[in-house]
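Model the placement of chain B on the given structure of chain A, informed by the hints.
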Amino acid sequence: MITKIGREKLQEFVAGLMKSGRLFAPVKEGKGTNFKLITDPQSVTLDFYNTIQSPKAVLFPQSEDLVNYNISHDGIASEPAPIDDGSRIILGVRPCDVQSFEIMDRLFNGSGIVDPYWSARRSNLTIIAYAFDRADPVDFYNAFGITGSDEQGSDILMVRDTNSFLFKAFTDKGTKLLETMPFLEKGTADDEKRMTEIVDKGRDIATRTLDTAEIHKRLAGIFDSPYWEEAAAACLNCGVCTYVCPTCHCFDIQDETLFGEGSRRKIWDSCMFSDFTLHASGHNPRTKKSQRLRQRINHKFSYYVENFGIISCVGCGRCTRSCPVNIDILTVVEEAR
Amino acid sequence: MENPYIPMPVTVDKIFIEVDTKEIKTFRLAFVNKTDEERFNYRPGQFAELSIYGKGESPIGIASSPTDKGYVEFTVQKAGIVTSELHDLEEGAQIGLRGPLGNSWPLEFLEGKNIVIVGGGFAFTTLRSLANFMLNDEQRSRFGKIVMIYGARTPGLLCYKPELKAWEDRSDMETFVTVDKGDNNWKGREGFVPTVCKQVAPSSENAVAVICGPPVMIRFTLPVFFELGFSKENILTSLEMKMKCGFGKCGRCNVGHKYVCKDGPVFSLAELENLSREY
Numbered sequence: 001m002i003t004k005i006g007r008e009k010l011q012e013f014v015a016g017l018m019k020s021g022r023l024f025a026p027v028k029e030g031k032g033t034n035f036k037l038i039t040d041p042q043s044v045t046l047d048f049y050n051t052i053q054s055p056k057a058v059l060f061p062q063s064e065d066l067v068n069y070n071i072s073h074d075g076i077a078s079e080p081a082p083i084d085d086g087s088r089i090i091l092g093v094r095p096c097d098v099q100s101f102e103i104m105d106r107l108f109n110g111s112g113i114v115d116p117y118w119s120a121r122r123s124n125l126t127i128i129a130y131a132f133d134r135a136d137p138v139d140f141y142n143a144f145g146i147t148g149s150d151e152q153g154s155d156i157l158m159v160r161d162t163n164s165f166l167f168k169a170f171t172d173k174g175t176k177l178l179e180t181m182p183f184l185e186k187g188t189a190d191d192e193k194r195m196t197e198i199v200d201k202g203r204d205i206a207t208r209t210l211d212t213a214e215i216h217k218r219l220a221g222i223f224d225s226p227y228w229e230e231a232a233a234a235c236l237n238c239g240v241c242t243y244v245c246p247t248c249h250c251f252d253i254q255d256e257t258l259f260g261e262g263s264r265r266k267i268w269d270s271c272m273f274s275d276f277t278l279h280a281s282g283h284n285p286r287t288k289k290s291q292r293l294r295q296r297i298n299h300k301f302s303y304y305v306e307n308f309g310i311i312s313c314v315g316c317g318r319c320t321r322s323c324p325v326n327i328d329i330l331t332v333v334e335e336a337r
Numbered sequence: 001m002e003n004p005y006i007p008m009p010v011t012v013d014k015i016f017i018e019v020d021t022k023e024i025k026t027f028r029l030a031f032v033n034k035t036d037e038e039r040f041n042y043r044p045g046q047f048a049e050l051s052i053y054g055k056g057e058s059p060i061g062i063a064s065s066p067t068d069k070g071y072v073e074f075t076v077q078k079a080g081i082v083t084s085e086l087h088d089l090e091e092g093a094q095i096g097l098r099g100p101l102g103n104s105w106p107l108e109f110l111e112g113k114n115i116v117i118v119g120g121g122f123a124f125t126t127l128r129s130l131a132n133f134m135l136n137d138e139q140r141s142r143f144g145k146i147v148m149i150y151g152a153r154t155p156g157l158l159c160y161k162p163e164l165k166a167w168e169d170r171s172d173m174e175t176f177v178t179v180d181k182g183d184n185n186w187k188g189r190e191g192f193v194p195t196v197c198k199q200v201a202p203s204s205e206n207a208v209a210v211i212c213g214p215p216v217m218i219r220f221t222l223p224v225f226f227e228l229g230f231s232k233e234n235i236l237t238s239l240e241m242k243m244k245c246g247f248g249k250c251g252r253c254n255v256g257h258k259y260v261c262k263d264g265p266v267f268s269l270a271e272l273e274n275l276s277r278e279y
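As they're listed, the protein sequences go chains A and B. Going by my numbering, the letters in the first sequence line up with residues 1 to 337, in that order. Going by my numbering, the letters in the second sequence line up with residues 1 to 279, in that order.
This is chain B alone, in the form it adopts within the complex:
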């Protein structure tokens, strides 16, 4: 029996500094053991525990897509002990990885539907995984129209800039990138995510909205989607909680009787309405 508490060794293959404050970096990890790589079968929306002995573990959403082979990526904001240590690492360092954990974006449910992806700031990582998965040549035909609305406070705080550009150039999706406030070099859209959602007004016809962002963004975005006719079953989000074990034993990440680590992190709004508001 595999011990679910023991991390697999991985090497930090590449580090991408995502934002101008350097507080958000993407870590591209490569498996030390081929067998671990083969076993790490994940789906967009899942997370894993990043481990540094002597510091601890931190649960982070997987930012790469399962269609990306040979590595797995995590976009990490510098916040606590583990993530600060991660930010100090250099390429070539060895760390640990435990996972994949949690449910995922419900790909079977999304199949055949039009998908509206709404992301804010740094809470975009598993949405990027989902987007890259759906846009993969072998997967694209499984999904209908893809509309992407992504915003950050400033241009410098937008993650995945090269990809945003590539998505804007694609003809098989519509991409709307916005910032709360631009700067002298910013030629793109300005405005809060909820406002842009209202302007873009994606159709709710056979559509699912997948929304991740800071609470304030979610609060003002949801009414827009209700007005557009999206049902609570067709609005999905991903929750964050303090976690330790990551598979429902250690008892700390529950919202009501659901454990975010194993029953989530992905929930529909309809599911969340049945749970106590304690997150």
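So that you can see chain A by itself, here it is in the shape it has in the complex:
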């Protein structure tokens, strides 16, 4: 069943979603758009191509307290910080980004010791995907079999029609959420047709692509190649690629204390930084930027494939768009031979 809402009623829809859980949705910020926790329905925009930052922070915040402690003359008192696991709704996630959640699940939720922070929030997440209606020349999600209007992994798929937004639920969670929105109109036969047309159009959006066959073996084979020096020559090791990436998951654990009050935090880290692997002894296995760029590429296109059977990249194009020296991950992988 299709439901719809007029574009002018978007705020009502947003306000309705806010009643069902904490809502994260795109908000204009400077020259771009980012997912934010919504407190004002008016702040939400659905007029954007894709957000600058990926939606990963909804499940994996940039900084999160693990333990709060107090250091005094009497000793140290500590208390685990409660896991913020309330129900979350995320509106307007592009289909390629939806896939990033599934990729991260394999690490945080599906192997070895489960990460309780990711896991608790993941099971309480409702995803409203938002189909692309055009392609940015940088994107390459087609390389991973993802199209511009895939519903895979989402609870609801939303598309934009001329004067309205159309919704189709794909899970019970999605169906139930839409049922709680009394002002959504039931779609007509015409709307059904429009939805199919728009989804089909989304499936036909052509992005750049990449031959991913045996890619992990190809990369393993050129580990010692001078190619990496060349590929990383312009790299500033600023780390922006890892911060905007929907699948970069590396983090640090740090204690921050002020006047005895403090917390141990899990915070995003980046393999682009030289201290990422710096031992206390001074030894560092990755002193050169070429080694660090090689690590980032290999982690996504080789090691992750070996460990989890999937490439840890969704072709969203964020790293390429954000890179200050125009390093394009697709080109780096393509030319790695």
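It is possible that some hints are incorrect.
[As the list claims (entries may be wrong)] Once the Cα atoms are required to be at most 25 Å apart in a straight line, the calculated DMTMM-like pairs of lysine to aspartate or glutamate come out as:
| # | chain 1 | residue 1 | chain 2 | residue 2 |
| --- | --- | --- | --- | --- |
| 1 | B | Lys242 | A | Asp252 |
| 2 | B | Lys55 | A | Glu261 |
| 3 | B | Lys262 | A | Glu306 |
| 4 | B | Lys232 | B | Glu273 |
| 5 | B | Lys78 | A | Asp252 |
| 6 | A | Lys28 | A | Glu8 |
| 7 | A | Lys186 | A | Asp200 |
| 8 | A | Lys217 | B | Glu233 |
| 9 | B | Lys262 | A | Asp105 |
| 10 | A | Lys289 | B | Glu273 |
Derived by calculation from the structure, the hints in this document are not laboratory data. These numbers were taken from a predicted model, which means no experiment stands behind them.
Showing chain B alone in chain A's frame:
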């Protein structure tokens, strides 16, 4: 579900100063909660994160043997922020412990075999755990001959001195302690570990060599063992890496697609040959 990021409280029960420079100390930790102690089932070769709130955590190999009951020991070199703070602690202090983490010395694989333990300097801690485990009355019969070769730069830098003496006196193992350079009081062996390995020439027949030490020692020791006929599958070592989470999520301790924290720290030479040389 237990939260794997939250340390268990432990008390520093005893501190042993191992070396004359006082830069290496062994911390004997006792669990504050009995349930934590029961849950902390470890094997020789595993490590744990030592935690001091306000300073951070540091991954350290477990130096005691699981056969030692009521405590767990860590031998720590003063190096960074956490280990320096540890070195300033006094007995009775409370810290945190997260673990046990990592794989271990492969006890089932070692069973029934002759074991050659080679250690250098401070990289001897989990070998000491393994040795004490194998030498335990209930475990000793599971293993064949035990040869131990351990060296340090100077006599003062040898760790676990009382134990070295006891091992030398045991009839069910052969112990060779050496120093690069002795002093006036030193009556023992002098010579680098690789040289002593060559002199002792342990048989590779049904044997596994377990080797930990500084890179330079490893580099010169390996050819000796190859010459003695040890295969790469039968030479084991333990790697060190910068770590944070300790269970394969935080992404920093990988060598190729293996994570030293969860796939290691113990690897055979054959396994390491299949990984990129980035450690």
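Okay, the hints, checked on the actual structure:
1. Lys242(B) x Asp252(A): With a Cα-Cα distance of about 11 Å, the restraint between Lys242(B) and Asp252(A) holds, given a limit of 25 Å.
2. Lys55(B) x Glu261(A): Roughly 13 Å separates the two Cα atoms, so the pair holds.
3. Lys262(B) x Glu306(A): Status holds; Cα separation ~15 Å.
4. Lys232(B) x Glu273(B): holds, 9 Å
5. Lys78(B) x Asp252(A): holds, 22 Å
6. Lys28(A) x Glu8(A): Holds, at roughly 18 Å.
7. Lys186(A) x Asp200(A): Status holds; Cα separation ~21 Å.
8. Lys217(A) x Glu233(B): Holds. Lys217(A) to Glu233(B) sits at ~23 Å (cutoff 25 Å).
9. Lys262(B) x Asp105(A): Distance of about 18 Å is within 25 Å: holds.
10. Lys289(A) x Glu273(B): holds, 24 Å
The structure meets every hint from the earlier list without exception.
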